[in-house]
Amino acid sequence: MKSDIQIAQEAKMLPIVEVAKKIGLTEDDLELYGKYKAKVSLDVWERVKDKPCGKLILVTAINPTPAGEGKTTTTVGLGQALNRVGKTAIIALREPSLGPSFGVKGGAAGGGYSQVVPMEDINLHFTGDIHAVSTAHNLLAALIDNHLHQGNELNIDPRQIIWRRVVDLNDRALRNVIIGLGGKANGVPRETGFDISVASEIMACLCLAKDLMDLKERFKRMIVAYTYDGKPVTADDLKAAGSLALLMKDAIKPNLVQTLENTPAFIHGGPFANIAHGTNSLMATQMGLRLADYMVTEAGFGADLGAEKFFNIVCRYGNMKPDAVVIVATIRALKNHGGVPKDKLGEVNMEALEKGVANLEKQLENVQKFGLPVVVALNEFPTDTQEEVDLVVKKCNALGAEVAVSQVWAKGGAGGEDLARKVIAAAEKPSSFKFLYELDMPIKAKIEKIATEIYGAKGVIYAPKAEKDIAKIEELGYGNLPICMAKTQFSLSDNPNLKGRPTGFEITIREAKVSAGAGFIVAYAGEIMTMPGLPKVPAAEKIDILPSGEIVGLF
Numbered sequence: 007m008k009s010d011i012q013i014a015q016e017a018k019m020l021p022i023v024e025v026a027k028k029i030g031l032t033e034d035d036l037e038l039y040g041k042y043k044a045k046v047s048l049d050v051w052e053r054v055k056d057k058p059c060g061k062l063i064l065v066t067a068i069n070p071t072p073a074g075e076g077k078t079t080t081t082v083g084l085g086q087a088l089n090r091v092g093k094t095a096i097i098a099l100r101e102p103s104l105g106p107s108f109g110v111k112g113g114a115a116g117g118g119y120s121q122v123v124p125m126e127d128i129n130l131h132f133t134g135d136i137h138a139v140s141t142a143h144n145l146l147a148a149l150i151d152n153h154l155h156q157g158n159e160l161n162i163d164p165r166q167i168i169w170r171r172v173v174d175l176n177d178r179a180l181r182n183v184i185i186g187l188g189g190k191a192n193g194v195p196r197e198t199g200f201d202i203s204v205a206s207e208i209m210a211c212l213c214l215a216k217d218l219m220d221l222k223e224r225f226k227r228m229i230v231a232y233t234y235d236g237k238p239v240t241a242d243d244l245k246a247a248g249s250l251a252l253l254m255k256d257a258i259k260p261n262l263v264q265t266l267e268n269t270p271a272f273i274h275g276g277p278f279a280n281i282a283h284g285t286n287s288l289m290a291t292q293m294g295l296r297l298a299d300y301m302v303t304e305a306g307f308g309a310d311l312g313a314e315k316f317f318n319i320v321c322r323y324g325n326m327k328p329d330a331v332v333i334v335a336t337i338r339a340l341k342n343h344g345g346v347p348k349d350k351l352g353e354v355n356m357e358a359l360e361k362g363v364a365n366l367e368k369q370l371e372n373v374q375k376f377g378l379p380v381v382v383a384l385n386e387f388p389t390d391t392q393e394e395v396d397l398v399v400k401k402c403n404a405l406g407a408e409v410a411v412s413q414v415w416a417k418g419g420a421g422g423e424d425l426a427r428k429v430i431a432a433a434e435k436p437s438s439f440k441f442l443y444e445l446d447m448p449i450k451a452k453i454e455k456i457a458t459e460i461y462g463a464k465g466v467i468y469a470p471k472a473e474k475d476i477a478k479i480e481e482l483g484y485g486n487l488p489i490c491m492a493k494t495q496f497s498l499s500d501n502p503n504l505k506g507r508p509t510g511f512e513i514t515i516r517e518a519k520v521s522a523g524a525g526f527i528v529a530y531a532g533e534i535m536t537m538p539g540l541p542k543v544p545a546a547e548k549i550d551i552l553p554s555g556e557i558v559g560l561f
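Mapping of the sequence shown onto the working numbering: position 335 corresponds to residue 341, and the numbering continues sequentially without gaps.
It is worth saying that the hints were derived from the structure and are not from the lab.
Straight line, CA to CA, 16 Å or less: simulated EDC-like cross-link-like pairs of lysine to aspartate or glutamate:
#1 K450 to E512
#2 K27 to E267
#3 K361 to D396
#4 K18 to E126
#5 K455 to E512
#6 K55 to D299
#7 K400 to E367
Listed next, with one range per pair, are the computed distances between beta-carbon atoms:
#8 K474 to F441: 26 to 36 Å
#9 A179 to T458: 38 to 48 Å
#10 Q374 to M447: 19 to 29 Å
Glycine included, each C-beta is placed from N, C-alpha and C at the ideal position.
Go ahead and model the full structure; you've got the sequences and the hints to work with.
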């Protein structure tokens, strides 16, 4: 069996100019980064923005498990399959962070015969967007500390500076640091720390901005600190927004690459799916909607996190209405939700499958709350039995969802044609898309709506800090923003060990923060790691480049 990187390296890629022609773009519309990557000029958006939109398809999943579900692989395979059955399709994905690539997860470009290429470039520096995010973020951090050093005219309380620094690597030693040591000439000593670059609010702003000027306005609103008397200090107060926008002038342009079957693919932006909204840039999605019959995008983690945020945050800011949703699951993952350990997932266990499929049922219900038609993509594994497949089909059909057995990992687009046809049929159904909550509801009411209706919690507990944070956010006038829940991806609850469809639990909100630039309130349910660490044996130890230039071990 060939590895993903071997399959990707054997791909017959088209020059990116040829891929662009499939969606009506010319060489003049592209800024080339070599032969197989390009940025799309923002002039294209001005040309196409008034064109009618194609169909918007969101790919989401059950709560992720160690068994794997294959959401990105499904997104890529579905795009390829839609083109095979006669539709023009574009896919859109997030840009992979270097942290996971050299840490434990590996690359993030799909798998098998449903990958985006050039895979090595996409998983490494790509077109430099994440580096631009890092530099803009750290420029703002430097301006804050310089302001303190130069007299602190804004009366910033050094203990209440919330803007940390970032680096696009997993480095636990940087989580908490002291800066400004070494005497008066080296600044004001204070505690701070580093997050991974994709956790930056700069990234969240990039992925929700409509254009460069909108991005600059979002930068102005970002809160970086509070004064001694508790007033927010913004990037605009530090006169930083113009410089930040300048650093992002190229990063804001969507990146165009291709799949193994030469389907056009936008890979742009990569916000965290916990503390941010976990979806590629709004600009890439909006552009793709006007260049193709079908725009297939995905949301991070399970439908309880990624899809909920896509509907309530991304669709709000993008004024978009999805046409259909795909929920990805596997028999193996469902058995894991039913209590079967990873090393026993190949064995038939109908009782565990019956229990675990409840997670899929809940995620189906969650999507249907938004008034959208759903298709389940059941990723096939060699150990699946017909009895197991029949059970999942029966359960999904009872909730009004079609099921397609997907073979896109092994067969590429050809293995997803049944899925593609069912998605086309679903997207033709009347959609009654609606948001889960109104923005003018109190913050707590919005949190409780998500917790009870999407997670299935019986209620919400607020820690004293959360009570204080929420009161402060409403007092400052930010209460009418959407909620971005930060909780574990592994469970519908805030306890990662509660698999399947737990009941009778409560969600505990320990704190809340406002991301005023991105335009949402982050409610933290549990500890969310914003700077991952490396495992005992990092992926970096297995990655190498040979004298021939061939890259090995990346994925």
